[in-house]
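*Asks:* Take a look at the letters that make up each chain.
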Amino acid sequence: MDKVYHLEAPLSIEDIECLKIGDMVDVSGYIYTARDAAHQRFLKLIKEGKELPIPIEGQIIYYVGPTPAPPGKVIGAAGATTSYRMDPYSPALLEMGLKGMIGKGRRSNEVKEAMVKYKAIYMASVGGAAALMSRSIKEASVVAYEEMGPEAVMKLKVEKMPAIVVNDIFGNDLYNEGKKKYRIN
Amino acid sequence: MRQISTRTIIDRIKDSAMRLNFELKEDVLSSLKDALDNEESQVGKEILNQLIENAGIARHDMIPICQDTGLAIIIAEMGQEVCIVGGDLRSAFEEGIRQGYKEGYLRNSVCHPFTRENTGDNTPIIVHFDMVPGDRLKLWFAAKGGGSENMSRLFMLPPSAGWVGVKEKIVQTVEEAGPNPCPPTIIGVGIGGSFEQSALLAQKALFRPLGTLNPDSELVKMEDEVLEEINKTGIGPQGLGGRITSLAVHILMMPCHISSLPLAIDIQCHASRYTEIIF
Ligand code: SF4
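These protein sequence lines are chains F and D, in that order.
Sequence positions in the first sequence follow the working numbering and run 7 to 191.
Sequence positions in the second sequence follow the working numbering and run 4 to 282.
Hints in this document: simulated from the structure, not taken from any laboratory.
This one's a predicted model, so the numbers in the text were calculated from it and none came from an experiment.
Don't take each hint at face value.
[Claimed, not checked] Calculated pairs, DSSO-like style, for lysine-lysine (alpha carbon to alpha carbon, straight line, at most 27 angstroms):
#1 D:48 <-> F:186
#2 D:48 <-> D:105
#3 F:186 <-> D:235
#4 D:48 <-> F:9
#5 D:28 <-> F:79
#6 D:36 <-> F:186
#7 F:186 <-> D:28
#8 F:123 <-> F:186
Let the hints inform the model, and build the full structure from the sequences given.
*Replies:* Next up, the structure:
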C-alpha cells in the first residue's frame, strides 16, 4: 500500500477527519474490547444513568473474543468478530464520544448515520487474521465482566495493529463502494 | 477383526485439533498466494498478504489462525472388520476434542441454543457414521467456524430449475453472505440426494484439496462456471471489493427423488480446517 496512517488511541477529531474509506491505518495506544454481551450491559448502565466501567470519549472499541492466553503470552488469537451484533448499542456510545470501532462486516444505517453525526469511524481488521492481530497486542488486562470469559471487557495496549477504514465521517461505505468498483456485469 | 484402541483415537484427535488450528493447510496457503497474482484491488492484495503472514505467525507461535476455533465435526467411515477396544467410539472422539481444546488453549465455542450457556469443553461434537468394507477406520475431522457456517444455505428447488437455477442460487447465496463469511471463501456444493444428504455432500465436497480436479468431468465444467460468476460479483477479499471472492467451488452430486432437486451450499471461510485420519 502507498500510505499507512498511524493512529494513536485515544483519538481526537483531527486524527480521523482526514481519513477516507480504503485508507490503511495502524493503531497504537490503548483500546478496549467488547462484544455484544458487554455492550448490552453498557446500554443498561447508560439507561440507568450509571457510570460505565471504561471511558468512552475519544476511545476505540475492538470487537473481539480471543482464545485463552497460552502460558507466556499476553493474549491468544484475537481477530475481529462480526460487528452487526453490536449495531443496536453503538449509536448510544457514539453519542457519548466514541471515535472508533474495529470489527468485521457491515454496519446498520443507524450506526452509519450516528458516525456521520458524531464524527467517528469504523475500521475492519481482517477476519481470521487472528494470530497477526494478537502479535500487535502488547498488554491485556480485564477491566470488567471477568465472569463472561472471552466476552469480558479488556484494556489492550496495541502497537501498529493493522486495519482498513470502512466507514468514514463523510458517510462513505467501502463495502458498497468496493463491490461496485469491481463488479463485472 | 482388527482391533483399534480408543486410547490411540483420543490421542490422534487431540493432536489434530491443535494442529488444524495452528497450521493453515498447504493447499489453502498456496491458493492464497496464487490469488495475490489475480487480485486487482490494492486493499484486496493487502488482505491476502495479511492472511499469508497470519498463517506464518500462527504456525510459528503455535497460536490459532483464527480466534473462532470452531465446532468439531467428524465424519467416520468404519470398516466392517474393525473392532473398537477400550470404550465407545463417540466418547473417544469427544474426549480427544476435550483434551485438544484444553491443551491447545483453543476457544470453547459450544453453547445451549437459548440460554447461550457455554458447555465449557467444546462438546458435544457432531458425528456422522458410515459402515464400509475393510479393516480400517477413516475419519474426516473438521473444525468449523460460526461466521461462515451461518451463511450456508439449503434449498429444495423445483426440478425445472435445472442447472441454471442451481447456479443462480449459489451465486445469490454468496452475494447475500457478502463480507460475513470472511472471503475469500471456498464453496462446497451438494446437489441431489435428499434434504439432509445434500448438506452432507456439500460438506464432503469441501474435503477435496484446493487445486485438484473433480474426478467427474461434468462437474469440472460446472465448478469453473460458478466460480467465474462468483468472482464477477466484486465482493472481493473481506467483502471490501476485488476480484477474489472465492478460491474455489467444489461440487458433489448424486441422484435424487423424481420430484426434487435438493441443493446445499456450504460456505467455508479461508480458515478451512479439516484433516483425514486413518487408523
Ligand atoms: S468466518 Fe472463518 S475466518 Fe472468519 S472469523 Fe469465522 S472462523 Fe474465522
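*Asks:* Check whether the Cα positions of residue 123 of chain F and residue 186 of chain F lie no farther apart than 27 angstroms.
*Replies:* holds (25 angstroms)
*Asks:* Going straight from one Cα to the other, do residue 48 of chain D and residue 105 of chain D come out at no more than 27 angstroms?
*Replies:* Since the Cα atoms of residue 48 of chain D and residue 105 of chain D sit roughly 35 angstroms apart, the hinted pair is violated (cutoff 27 angstroms).
*Asks:* Is residue 48 of chain D within 27 angstroms of residue 186 of chain F, Cα to Cα?
*Replies:* Measuring from Cα to Cα gives roughly 17 angstroms; hence the hint holds.
*Asks:* Take the C-alpha atoms of residue 186 of chain F and residue 28 of chain D, compute the straight-line distance between them, and say whether it is at most 27 angstroms.
*Replies:* violated (32 angstroms)
*Asks:* Compare the distance between the alpha carbons of residue 28 of chain D and residue 79 of chain F with 27 angstroms, and conclude whether the hinted pair is satisfied.
*Replies:* holds (24 angstroms)
*Asks:* Next pair to validate is residue 186 of chain F with residue 235 of chain D; report whether the Cα-Cα distance is within 27 angstroms.
*Replies:* holds (11 angstroms)
*Asks:* Starting from residue 48 of chain D, check that the Cα of residue 9 of chain F is at most 27 angstroms away, please.
*Replies:* holds (14 angstroms)
*Asks:* Starting from residue 36 of chain D, check that the Cα of residue 186 of chain F is at most 27 angstroms away, please.
*Replies:* holds (25 angstroms)
When each numbered hint is compared with the structure, violations occur for hints 2 and 7.
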